[in-house]
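A.B. asks: Since chain A is already given, all that's left is putting chains B and C on it; use the hints.
Spelled out from the first residue to the last, the chains are:
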Amino acid sequence: MAGARPTDTQLVEDETTEADATAALAIGVSATLFALAVAAMFGRITLTGTLAGVQTVTLLGGLLTVLGLTVIALGAGSRFGYVESTPDPSAGLIAGVGAAVPWALIGGSVASETLGLGTGGGVVGAVVVGGVALAATVLPREDVGSTGPLGALLVVTGLVFSTGVIGPTWVWELGWEQQAAITADFLIPVATLFTTLYGGWASAKAYGGFGARGRHMGAYVLVYLNALSIVAFLFILVAYVVVQGVPGLLTGFELGLGTGPETTIFGVSVALPVSIPFVMNGVALLNDFQGVLPAIVGTFWLVIGAVLLAVPLGVGAAVFLTEYAERGRFTQVVEVATNGLWSTPSIVFGLFGFAFLIPRFGNGKSLLSGMITLGFMLLPLVVITSREAMLSVPDEYRDASAALGVSKWQTIRSVVLPAALPGVVTGVILGVGRIAGETAPILLTMAGGTFVPGSQTVDVIGSFQFTSAPPFVANPALLEATSALPYQLFALITAGVGLGSNVSDPNAFRWATALVLLVVVLSFYAIGIVTRYYFRRRLKHT
Amino acid sequence: MSENQNPQTNQRTVTTTAEQPRTTTAGETDERTRDAWTAYDFDGDAKMTVEDLDVYYGDDHALKGVSMEIPERSVTALIGPSGCGKSTYLRCLNRMNDRIPSARIDGSVRFDGQEIYQDGVNLVELRKRVGMVFQSPNPFPKSIRENIAYGPQKHGDLDTGLLARLLNRSDAAERDELVERCLRDAALWDEVHDRLDDNALGLSGGQQQRLCIARCLSVDPEIILMDEPASALDPIATAKIEDLIADLAEEYTVVIVTHNMQQAARISDQTAVFLTGGELVEYGDTDRVFEDPHSERVEDYITGKFG
Amino acid sequence: MPRDRYQHSLDELRSDVLSMGETVTERLDESLEALERRDDALARAVIDGDAQVNETYLELEEQCVDLFALQQPVAGDLRFVTASFKIITELERIGDLAVNLANYALAARQTVTPDVEIDALGTAAHGLVERSLAAYETADAAACRAVAAADDEVDARCQHANEHVTRALIARTDDRWSVERLLDDVSRVLLTIRDLERVADHAVNIAARTLYMIESDPELLY
Chain A
1 MAGARPTDTQ LVEDETTEAD ATAALAIGVS ATLFALAVAA MFGRITLTGT
51 LAGVQTVTLL GGLLTVLGLT VIALGAGSRF GYVESTPDPS AGLIAGVGAA
101 VPWALIGGSV ASETLGLGTG GGVVGAVVVG GVALAATVLP REDVGSTGPL
151 GALLVVTGLV FSTGVIGPTW VWELGWEQQA AITADFLIPV ATLFTTLYGG
201 WASAKAYGGF GARGRHMGAY VLVYLNALSI VAFLFILVAY VVVQGVPGLL
251 TGFELGLGTG PETTIFGVSV ALPVSIPFVM NGVALLNDFQ GVLPAIVGTF
301 WLVIGAVLLA VPLGVGAAVF LTEYAERGRF TQVVEVATNG LWSTPSIVFG
351 LFGFAFLIPR FGNGKSLLSG MITLGFMLLP LVVITSREAM LSVPDEYRDA
401 SAALGVSKWQ TIRSVVLPAA LPGVVTGVIL GVGRIAGETA PILLTMAGGT
451 FVPGSQTVDV IGSFQFTSAP PFVANPALLE ATSALPYQLF ALITAGVGLG
501 SNVSDPNAFR WATALVLLVV VLSFYAIGIV TRYYFRRRLK HT
Chain B
1001 MSENQNPQTN QRTVTTTAEQ PRTTTAGETD ERTRDAWTAY DFDGDAKMTV
1051 EDLDVYYGDD HALKGVSMEI PERSVTALIG PSGCGKSTYL RCLNRMNDRI
1101 PSARIDGSVR FDGQEIYQDG VNLVELRKRV GMVFQSPNPF PKSIRENIAY
1151 GPQKHGDLDT GLLARLLNRS DAAERDELVE RCLRDAALWD EVHDRLDDNA
1201 LGLSGGQQQR LCIARCLSVD PEIILMDEPA SALDPIATAK IEDLIADLAE
1251 EYTVVIVTHN MQQAARISDQ TAVFLTGGEL VEYGDTDRVF EDPHSERVED
1301 YITGKFG
Chain C
2001 MPRDRYQHSL DELRSDVLSM GETVTERLDE SLEALERRDD ALARAVIDGD
2051 AQVNETYLEL EEQCVDLFAL QQPVAGDLRF VTASFKIITE LERIGDLAVN
2101 LANYALAARQ TVTPDVEIDA LGTAAHGLVE RSLAAYETAD AAACRAVAAA
2151 DDEVDARCQH ANEHVTRALI ARTDDRWSVE RLLDDVSRVL LTIRDLERVA
2201 DHAVNIAART LYMIESDPEL LY
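Protein sequence lines, in the order shown, are assigned to chains A, B and C. Numbers 1 to 542, taken from this note's numbering, label the letters of the first sequence in order. Numbers 1001 to 1307, taken from this note's numbering, label the letters of the second sequence in order. Numbers 2001 to 2222, taken from this note's numbering, label the letters of the third sequence in order.
With the rest of the complex left out, here is chain A (with noise of 0.2 Å):
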């Protein structure tokens, strides 16, 4: 690298010092900041609210501003010779970049808005800004060019929330579309978010001296701040779901002995000792508590059904992809179908069950139809990603059993197969989790029945009968349309069907719903996970 260094490399780092901890304070309080915006945008805090005592929006306008002058602060230390660092001559085109935007965006609506210079105004000052801003990132050493636009852009907007300039109530009403503005509500979280990931990312260079160590800091902030939201958000969603769908869920709940509803345990009738009406009940005019329990079991059956239909389809067809057809047309035929099958739309599906299976199965809809409209979905996942699993075990187990004189078939059943299966099981859990939730093709070939009163669970196992004409067993209860949950969440919200006097609370019902799906597509999951963890220590050390 050219340019001499203002000071030594040392190999053997001493103490921190205190520039070190002046940089971990202010990743820290970038990434508290960060938190505190997410919370804003979910609405777990208020901008109108105090927090600690101080106004919402005052307190991130301080703490921005803080953040900001220590960023400056940690930049002009490292030029200034105060604190040892590594910088690089500049700062880079990502970093000019990265800064450049942000100001633009700030000279143009500053020029365009608070200037009243319009479009063409907004347009140079956004340019002017964003080069200015450019130029200062780039130019200096990289210890000023990555600290101080990013560190002004920090203090700048802190102080504008802070003192109020733009405050809870702000809003910019947008001229060229109607009824849209950007309110303080957006505005205020977003803005936080993205501009202390600015103050986070200049922090963590500091703190690593910048140079090659500092971006590494940098770009390991950013990423790890990124995954945090990713799970932060995954967390909030399932808790949300949780929080709001447990009082519906746990409507008329009762424990203890002889309160829940007689079952026949191998031949031995028993009463439940715990009663949750929302999934033991259907929805009846006698109920005193509705519930959701034909829902669930049509979600199960369905999930069962299609498994059935599409896993010794699918992995059939991936062993004779993989193991017996020759990589040819014909195989990148198949390959690219299957790609498409994939990726087409649910409803195209619903309509080929709706058009093609509902004539041929009592002309009416029926589990039956929905669970082999399903299965089709799952199918080319399925062969996805049994191929891939397939493909990637190893030939010389293949070579090793055909050197024993074994025959191909025979490796394939135990060797190949036994060896995939954690991939086909891992194939097999993605498809579940999409299928189950999946609304439109239900909606076309099965749903119906949820609120007919007296609708009865479907009873698939108990309603197998011998006929006297081929096949020679019939199972009517597949013919019956019921209900799944998903369709039963879409209908609830949709058609806000009238459920009669005896849910309390329809909205919470509806949450409910919600949660239900989603603990019958998280348990599947972990059936899924289990199988695999279980393959997968078989193929591994024991």
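Just so you know, these hints were derived from the structure itself, not from any lab. Just to be clear, a hint being listed does not mean it is correct.
With a Cα cut of at most 20 Å, we get these calculated EDC-like pairs of lysine to aspartate or glutamate [said to hold, decoys possible]: (1) LYS2086(C) with ASP2185(C); (2) LYS540(A) with ASP1098(B); (3) LYS1064(B) with ASP1043(B); (4) LYS540(A) with GLU1146(B); (5) LYS2086(C) with GLU2055(C); (6) LYS540(A) with ASP1194(B); (7) LYS1064(B) with ASP1054(B); (8) LYS540(A) with ASP1198(B); (9) LYS2086(C) with GLU2022(C); (10) LYS408(A) with ASP1098(B); (11) LYS2086(C) with ASP2201(C); (12) LYS408(A) with GLU1146(B); (13) LYS408(A) with GLU1125(B); (14) LYS408(A) with ASP1157(B).
Have a look at the derived ranges for each label pair, beta carbon to beta carbon [said to hold, decoys possible]: (15) GLY1161(B) with PHE466(A): 28 to 38 Å; (16) PRO1235(B) with LEU2191(C): 30 to 40 Å; (17) LEU1201(B) with PHE330(A): 31 to 41 Å; (18) LEU1126(B) with GLN2007(C): 34 to 44 Å; (19) LEU1126(B) with PHE330(A): 27 to 37 Å; (20) ASP1112(B) with ARG2014(C): 53 to 63 Å; (21) PRO1101(B) with ARG536(A): 25 to 35 Å; (22) LEU1201(B) with TRP409(A): 22 to 32 Å; (23) PRO359(A) with GLU1125(B): 29 to 39 Å; (24) GLY1161(B) with PHE330(A): 30 to 40 Å.
Beta carbons are placed, not taken as given, at the ideal position from N, Cα and C, and that holds for glycine.
C.D. replies: This is chains B and C only, laid out in the frame that chain A set:
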């Protein structure tokens, strides 16, 4: 051939009737000389006879007219520089080259007098009798016991399935006996007898290779083909494999490909030298090949002047 | 133990070398006896037995070359094989010297010069050969050095014996024999003494090679 005893140095020198190795300007040895150098006289029966074997991978002529007789119950080493076709040759002996679509094989390979490259040959039976051990140990991701029982089970000689167990016709005792015998023959029993149900992938490299040898023995072969079996192993594991090979040669016919000449010198009874281009250049007793090779090219290769 | 067969080959080489040594020592013994007792039959047996010694020598040489080519010995094993290789040469020379002594035994008709000392010299040389082979068998470094030390004494005695014979020749007053026969006799005796000294030297060489084999110490080599 004539022998002279030099009275001053008391040394014997042996010269062949072909006084100088005849080479063309291109460095190829003419056929008559080559045939003389590769004709190997030995007592006892030939387990495998190869005549004029040519192998093509697409347009690439990988083996050129190789003829060779492999004596039974001994160790035959195939040496030569990389890419000279020795592995290709080995894989012809149990028809493993059939698994490569672009391979074309001309010539004759006779096993116990029977041609293996003709219609009607039962590949399953052939590969039972001619076993193979590969360069990198490749045990199945199953337990040690299952690895060894795999071959006989798939051939139907051992039945330990659920049905057999229910009907009390399970061959579990025979299976365990077979497993013990194979592991003892492969010098692995002492190390693993207490963990036969552990996954085979948990063994060390040398142990895995011996397991592969034990697995190869489980189908009771007559010939064992080994493709650089110790090249992925450390010196101690290699020494154990070499001792094992010497023991195996008392009962089986062993053909081993190795790029390590010293290994070939240590363990083999006769050595065949392939040189670049898929040519078999010399074949004879190991001590003669390493002490006084006929071919100048072989001498250069062995002394490390090329290859 | 790994490399069983190789170890076995090394042990075989050692015992074969010792066996050759035993044979050669026996021949030496017989030739000395033939010399002492004027036993022509015994002398002829020694001369005829030389062909076998040479054949053994060639076999052992081939064994060593095989070991080098096929087993690549290193370290102690390498020193052992190279030492054995050289030692069999020394043994073969001793065998040749035994044949010389047997020839002298055949040629002697009557003794003119006293050969009491010859017996003692012979015994001493024979003893050195045995001791050096014993040192090789047991890998005894101290014994090797002892053999080298003992050789000085043998050299001194040979010198003394030479002087004695020469004096006896000069002091000769008897005219019973012709000059030719006298010269024959004396030169035979002198050659005997010289050959016995050589036997001792070869024994020392054996000990020197053995010491090198044991301790990698070339101190005794020259």
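A.B. asks: Determine whether the Cβ-Cβ distance between GLY1161(B) and PHE466(A) falls within the hinted range of 28 to 38 Å.
C.D. replies: 32 Å Cβ-Cβ, so the 28 to 38 Å window holds.
A.B. asks: Could you tell me whether the CB distance from LEU1201(B) to PHE330(A) stays inside 31 to 41 Å?
C.D. replies: Taking Cβ atoms as reference, LEU1201(B) and PHE330(A) lie about 35 Å apart, which means the hint holds.
A.B. asks: Is LYS408(A) within 20 Å of ASP1098(B), Cα to Cα?
C.D. replies: holds (13 Å)
A.B. asks: For the pair supplied as a hint, LYS540(A) and ASP1194(B), confirm whether the alpha-carbon distance does not exceed 20 Å.
C.D. replies: Measuring from Cα to Cα gives roughly 19 Å; hence the hint holds.
A.B. asks: Quickly compare the C-alpha distance for LYS2086(C) and GLU2055(C) to 20 Å and report which way the hint goes.
C.D. replies: holds (16 Å)
A.B. asks: I want to verify a distance hint. Is the separation of the beta carbons of GLY1161(B) and PHE330(A) within 30 to 40 Å?
C.D. replies: holds (36 Å)
A.B. asks: Just tell me: holds or violated, for the beta carbon distance of PRO1235(B) and LEU2191(C) against 30 to 40 Å?
C.D. replies: violated (55 Å)
A.B. asks: Regarding LEU1126(B) and PHE330(A), is the given constraint of 27 to 37 Å on their beta-carbon distance met?
C.D. replies: With Cβ atoms ~31 Å apart, the hint holds.
A.B. asks: Within a Cα-Cα threshold of 20 Å, do LYS408(A) and GLU1146(B) meet the stated pairing?
C.D. replies: Roughly 18 Å separates the two Cα atoms, so the pair holds.
A.B. asks: Does 22 to 32 Å hold as the CB distance between LEU1201(B) and TRP409(A), or does it fail?
C.D. replies: holds (24 Å)
A.B. asks: Does the Cβ pair ASP1112(B), ARG2014(C) satisfy 53 to 63 Å?
C.D. replies: With Cβ atoms ~42 Å apart, the hint is violated.
A.B. asks: Measure nothing beyond the straight line between the CA atoms of LYS1064(B) and ASP1043(B); if it is 20 Å or shorter, mark the hint as holding.
C.D. replies: violated (27 Å)
Of the numbered hints listed earlier, those contradicted by the structure are 1, 2, 3, 16, 20 and 23.
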